[in-house]
Amino acid sequence: MGDALYAPWRMDYIRSIDRPAVDGCFLCAAASAEDASAMRDTLVLWRSGHSVVLINRYPYTNGHLLICPRAHKSEFDELSDDELMDLQTQSRRALKVLKMAVSAQGFNLGMNLGRCAGAGVPGHVHQHVVPRWAGDTNFMGIVGEVRIVPQAISRLYDELRAAAETIGA
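Going by the working numbering, the sequence shown opens with residue 16, and the numbers climb by one from there.
Keep in mind that the hints were calculated from the coordinates and are not lab data. None of the values given here were measured: they were computed from a predicted structure. Misleading hints may appear alongside valid ones.
Quick list of simulated restraints, FRET-style, between CB atoms [said to hold, decoys possible]:
no.: 1; residue 1: Gly121; residue 2: Ala53; range: 27 to 37 Å
no.: 2; residue 1: Asp50; residue 2: Gly183; range: 19 to 29 Å
no.: 3; residue 1: Gly150; residue 2: Lys88; range: 30 to 40 Å
no.: 4; residue 1: Asp92; residue 2: Leu124; range: 30 to 40 Å
no.: 5; residue 1: Gly135; residue 2: Leu99; range: 32 to 42 Å
no.: 6; residue 1: Arg147; residue 2: Ile168; range: 31 to 41 Å
no.: 7; residue 1: Gln103; residue 2: Tyr75; range: 19 to 29 Å
no.: 8; residue 1: Tyr73; residue 2: Ser118; range: 21 to 31 Å
no.: 9; residue 1: Tyr73; residue 2: Asp173; range: 33 to 43 Å
EDC-like mimics (lysine to aspartate or glutamate), calculated; alpha carbons at most 20 Å apart, straight line [unchecked claim]:
no.: 10; residue 1: Lys114; residue 2: Glu180
no.: 11; residue 1: Lys114; residue 2: Asp173
no.: 12; residue 1: Lys114; residue 2: Glu98
no.: 13; residue 1: Lys114; residue 2: Glu174
no.: 14; residue 1: Lys111; residue 2: Asp173
no.: 15; residue 1: Lys111; residue 2: Asp101
no.: 16; residue 1: Lys111; residue 2: Glu180
no.: 17; residue 1: Lys111; residue 2: Glu90
no.: 18; residue 1: Lys111; residue 2: Glu49
All C-beta atoms in this analysis are idealised placements derived from N, C-alpha and C, irrespective of residue type, glycine included.
Let's have the full structure, built from the sequences with the hints guiding it.
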């Protein structure tokens, strides 16, 4: 076998699967972060009246965002019309920010509703916004079972916050 490929950050995620959250729902913690330090710690880029937008701590790729209602709701059909509209409005803003900050050329948007559908956090509805680039697929995810994230989350946070401020998010 060839050289080993390491993704040490992945173990935190693997160990967290099916383990009750000690501190409660991380999406609720993000939604309630008040000051700049707490927002940075929870990777919150911005909040609106009904939604919160944050960087995924365990991303599929650089710039992978999560958008969720501020209210803890586990079912999509529990969302009010205002929450649904705001979720989409913030998704549109996220696309703008990612185009500006990381030059995204395309996107995958979607929700995994329920554990059997792949939801890692089935207790709080959230949408994934995954930026894509021409030619960004390669053997690493398939053969190496590793994803390449070319930028530190702290640097990405600064770049996305600056872009978000530019559009008034």
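Status of the hints after comparison with the structure:
1. Gly121 with Ala53: 27 to 37 Å: holds (32 Å)
2. Asp50 with Gly183: 19 to 29 Å: holds (20 Å)
3. Gly150 with Lys88: 30 to 40 Å: holds (38 Å)
4. Asp92 with Leu124: 30 to 40 Å: violated (19 Å)
5. Gly135 with Leu99: 32 to 42 Å: violated (22 Å)
6. Arg147 with Ile168: 31 to 41 Å: violated (19 Å)
7. Gln103 with Tyr75: 19 to 29 Å: holds (21 Å)
8. Tyr73 with Ser118: 21 to 31 Å: holds (23 Å)
9. Tyr73 with Asp173: 33 to 43 Å: violated (20 Å)
10. Lys114 with Glu180: Holds, at about 14 Å.
11. Lys114 with Asp173: Holds: Lys114 and Asp173 sit about 15 Å apart, inside 20 Å.
12. Lys114 with Glu98: violated (24 Å)
13. Lys114 with Glu174: Since the Cα atoms of Lys114 and Glu174 sit roughly 11 Å apart, the hinted pair holds (cutoff 20 Å).
14. Lys111 with Asp173: Roughly 16 Å between the alpha carbons, so the hint for Lys111 and Asp173 holds.
15. Lys111 with Asp101: Given that 20 Å is the threshold and the Cα spacing comes to 15 Å, the pair holds.
16. Lys111 with Glu180: Given pair Lys111, Glu180 holds - Cα atoms ~11 Å apart, limit 20 Å.
17. Lys111 with Glu90: violated (27 Å)
18. Lys111 with Glu49: violated (24 Å)
Of the hints listed earlier, those the structure fails to meet are numbers 4, 5, 6, 9, 12, 17, 18, in rising order.
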